[in-house]
Every structure is written in structure tokens, then in C-alpha cells.
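Colleague: Whenever a hint applies, use it, and build me the whole structure from the sequences.
Number of protein chains: 2
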Amino acid sequence: MVKETLVQYAKVLGNLSAILDKAQLFAEQKKIEPAVLLNSRLAPDQFHLIKQIQIASDTCKFTAAKLSGQTPPVFEDTEKTIPELKARIEKTIKYISGFKEDDFKGIDDIRTTSPWVKGKFLPGNEYFWEYSIPNFYFHITTAYAILRHNGLEIGKGDYLGQLNYRDL
Amino acid sequence: MVKETLVQYAKVLGNLSAILDKAQLFAEQKKIEPAVLLNSRLAPDQFHLIKQIQIASDTCKFTAAKLSGQTPPVFEDTEKTIPELKARIEKTIKYISGFKEDDFKGIDDIRTTSPWVKGKFLPGNEYFWEYSIPNFYFHITTAYAILRHNGLEIGKGDYLGQLNYRDL
Numbered sequence: 001m002v003k004e005t006l007v008q009y010a011k012v013l014g015n016l017s018a019i020l021d022k023a024q025l026f027a028e029q030k031k032i033e034p035a036v037l038l039n040s041r042l043a044p045d046q047f048h049l050i051k052q053i054q055i056a057s058d059t060c061k062f063t064a065a066k067l068s069g070q071t072p073p074v075f076e077d078t079e080k081t082i083p084e085l086k087a088r089i090e091k092t093i094k095y096i097s098g099f100k101e102d103d104f105k106g107i108d109d110i111r112t113t114s115p116w117v118k119g120k121f122l123p124g125n126e127y128f129w130e131y132s133i134p135n136f137y138f139h140i141t142t143a144y145a146i147l148r149h150n151g152l153e154i155g156k157g158d159y160l161g162q163l164n165y166r167d168l
Numbered sequence: 001m002v003k004e005t006l007v008q009y010a011k012v013l014g015n016l017s018a019i020l021d022k023a024q025l026f027a028e029q030k031k032i033e034p035a036v037l038l039n040s041r042l043a044p045d046q047f048h049l050i051k052q053i054q055i056a057s058d059t060c061k062f063t064a065a066k067l068s069g070q071t072p073p074v075f076e077d078t079e080k081t082i083p084e085l086k087a088r089i090e091k092t093i094k095y096i097s098g099f100k101e102d103d104f105k106g107i108d109d110i111r112t113t114s115p116w117v118k119g120k121f122l123p124g125n126e127y128f129w130e131y132s133i134p135n136f137y138f139h140i141t142t143a144y145a146i147l148r149h150n151g152l153e154i155g156k157g158d159y160l161g162q163l164n165y166r167d168l
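Heads up: the sequence lines are chains C and Z, in that order.
Sequential numbering from 1 applies to the first sequence in this note's numbering.
Sequential numbering from 1 applies to the second sequence in this note's numbering.
In case anyone wonders, no lab produced these hints; they're calculated from the structure.
Remember, it's a predicted structure, so these values are computed and weren't measured experimentally.
One or more of the hints may lead you astray.
For chains that are exact copies, the list does not tell them apart, and a pair is met inside one copy or across any two.
[As the list claims (entries may be wrong)] Here are the simulated lysine to any residue pairs, SDA-like style, with alpha carbons at most 20 Å apart:
| # | residue 1 | residue 2 |
| --- | --- | --- |
| 1 | LYS156 | PRO115 |
| 2 | LYS94 | GLN54 |
| 3 | LYS86 | ASP109 |
| 4 | LYS156 | ASP58 |
| 5 | LYS11 | TRP129 |
| 6 | LYS51 | ASP109 |
| 7 | LYS11 | GLY157 |
| 8 | LYS30 | GLN162 |
| 9 | LYS86 | ASP58 |
| 10 | LYS105 | GLU4 |
| 11 | LYS156 | GLU126 |
| 12 | LYS61 | SER40 |
| 13 | LYS156 | PRO44 |
| 14 | LYS3 | ASN125 |
| 15 | LYS100 | TRP129 |
| 16 | LYS3 | ASP108 |
| 17 | LYS120 | ASN164 |
| 18 | LYS3 | VAL117 |
Modeller: Here is the structure:
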């Protein structure tokens, strides 16, 4: 199930990358600096769009690494432009796509830790269901909402991406 | 995994109910009609807060029903107040909490259908990973974002709820 989730995370990151292409075009057409969109937020004390994407990326990376017992690569949070954010997304997709279901067979015994909760752990399964999945979609949806609020013409289909319906 | 997801949906619905309590208090303190918050949206052509919550509720209900081959109850979309929305949430939690993991053993063979995609189906597994989970969190996060944008003092912890960290 972790592998299936990472496949889905990669799909949604790809959808986000396509939404950023629309944002780039929107900025050009409206003659606004893309940085205006990238530094937008829905509340003064909320993270801006760049940070939302960096956290979504980190959630993917840490999910794959922590639940397989591996050391994740360091992704510096230096992105300032849409092409740089798209490269960050691409790098994240590449990293999480390299895992196999078998890499996560120890999830029931894994104790996940975070630097901000010292001396404590969350069991792998709880980290997966109660933190990773809701956290990933939270930041992707917030990134979407920031752009939607700024006038970008996107709908839920851009977020969900294609669903492969078959004939009955 | 469907059962684990429904347990998690119920948890997040409970978190949403607690956020609505904060919204009620906020409206009283600011002397604004709760309906102002409930009819807010982040873009003119986006669904308002009430509808976001109704769709999140429906996503839970249809996930449990479709993936177990059962007929879901009808929840009329008539809510207009915070207490009515909290009752809708409560009703949803009650319904999805009545399922057992065994109810979903046929997920690999189930063909899910929707009235808006006529003559087509989505396999149960794809409906689960590619539609249900991202769709549920999309509408919960959007509900959260609408309130956050309107000045309600909430943070990601209100959305995620409690994580049961243990001592190392």
C-alpha cells in the first residue's frame, strides 16, 4: 500500500507541475511577475505557495525514506521560480519512483521520528495514515487554492488528474 | 486498507467538527452571522463552505458503500447552519464506522460507477487511491482554507488532529 501511495503521490505531483505551467502562462498573459503568485498566501501567517510545494515534496521524500528505513536525499529549499519548482517536483518524483513494495515490508515495526518531537516516535503505520497522506494532500490542495484564489482558471480535474474509466 | 482509511476519514471528520466549533465561537465573538462564513468561497466559481463539507461527507459515504457493494443512505444536502453541518458529520462518521475490513475483500473485482460518467466504470482500487483519498482531503482542506482565509485562527494541527507519539 505504501508503493501504491507513492505512485499516486507521483501522479499528483505531475498534476501540480501541469498546474504550474498554467500559472506561468497566466502570469505572462496578465503581465504579472510569477513571483507575485509564488509568494501569495491565503492568510498573513500561512506559508506562501513556494513553501507549500516544498513541504509537499518533503512529505513524499520522508514517507519513502522513513518507511523503508533509508536516509533521504537533502533537497535545499532554494526555489524561487516556476522552473525551479518544477525541477524540485521532478526530482521528488524520480526519488519516490525508485522504491518497490518490498522496501516497505517492515512498516509495522518501524518507529518514525522527527527533529521537532524529541525522544518520541510514531509507529510506521500511524505515520503513514494519520500524517503522510493527509499532510501531502493538505499542501497540494493549499497550493491549488492559493492559485485558484488568485484567479488561475483551474478545476478539481487539474488536481485529480486523469481517471482511467473503462467501458462497462 | 479501506477500513484503515475509513477510520482515518472519521478522525479527520471529527477534527473538522471541532474546527466548526471554533468557527461558531469566532462568529459570536466578532458578531457576524455564521452564514457569512458558511457561504464563503475562495473564488467566485468555487463551491462555498457548506458544499465543501457535504462533498467530503459524500466521498466518505460512497467510498464505504461502493467498495463494499452496498447501497448508501441518502443524505439530503439541506444543511444551512453549523449545528446542522455538525449533525451531517456525525451521521457520516456513524455510517462509515459500521464497516469491517472484511466488507472490502472484493475491492479488486468491484467496478465503481458514477451517474456523471455513463456506461463507464473505474476499478475499485483506482477509485480508492486516485479518487476517494485525494478527493476527500481536497474538500476538507478547502473547507479549512476558506475559514483560514476568513480569519479563523486555526493551524495544521487542527486539521491533522492528535498524533499519538510514544516515548522512544
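Colleague: Next, verify each hint and record whether it holds.
Modeller: Against the structure, the hints:
Within a single copy, LYS156 and PRO115 get their C-alpha atoms only as close as 34 Å, which misses the 20 Å cut-off; across copies the closest is 18 Å, which meets it. In this assembly of identical chains, LYS94 and GLN54 lie within 20 Å of each other by CA distance solely inside one copy; the values are 15 Å within and 36 Å between copies. With identical chains, the CA atoms of LYS86 and ASP109 are never at most 20 Å apart, being 35 Å at best within one copy and 37 Å at best between copies. When the C-alpha separation of LYS156 and ASP58 is checked against a cutoff of 20 Å, the pair qualifies only between copies, where the shortest distance is 16 Å, while the shortest distance within a copy is 23 Å.
Taking CA atoms no more than 20 Å apart as the test, LYS11 paired with TRP129 passes in both settings, with 19 Å inside one copy and 11 Å between copies. Taking the closest pair of Cα atoms, LYS51 and ASP109 never come within 20 Å of each other, the shortest separation being 32 Å inside a single copy and 40 Å across copies. In this assembly of identical chains, LYS11 and GLY157 lie within 20 Å of each other by CA distance solely inside one copy; the values are 13 Å within and 26 Å between copies. In this assembly of identical chains, the alpha carbons of LYS30 and GLN162 never lie at most 20 Å apart, being 28 Å within a copy and 43 Å across copies at closest.
In the homo-oligomer, the alpha carbons of LYS86 and ASP58 lie at most 20 Å apart inside one protomer (14 Å), although the nearest pairing across protomers, at 33 Å, exceeds that limit. Taking the shortest Cα distances, LYS105 and GLU4 sit within 20 Å of each other both inside one copy (13 Å) and across copies (17 Å). Proximity of LYS156 to GLU126 under the C-alpha cut-off of 20 Å is restricted to the inter-copy arrangement: shortest distance 17 Å between copies versus 28 Å within a copy. When the C-alpha separation of LYS61 and SER40 is checked against a cutoff of 20 Å, the pair qualifies neither within a copy, at 25 Å, nor between copies, at 35 Å.
With identical chains, the CA atoms of LYS156 and PRO44 are at most 20 Å apart between copies only, with a shortest distance of 15 Å across copies and 25 Å within one. Taking the shortest Cα distances, LYS3 and ASN125 sit within 20 Å of each other both inside one copy (13 Å) and across copies (13 Å). Taking the shortest Cα distances, LYS100 and TRP129 sit within 20 Å of each other both inside one copy (19 Å) and across copies (17 Å). For the identical chains of this complex, LYS3 and ASP108 are neighbours both inside a copy (15 Å) and across copies (17 Å), given an alpha-carbon limit of 20 Å.
In the homo-oligomer, the alpha carbons of LYS120 and ASN164 lie at most 20 Å apart only across protomers (10 Å), although the nearest pairing inside one protomer, at 42 Å, exceeds that limit. Proximity of LYS3 to VAL117 under the C-alpha cut-off of 20 Å is found in neither arrangement, the shortest distances being 26 Å within a copy and 28 Å between copies.
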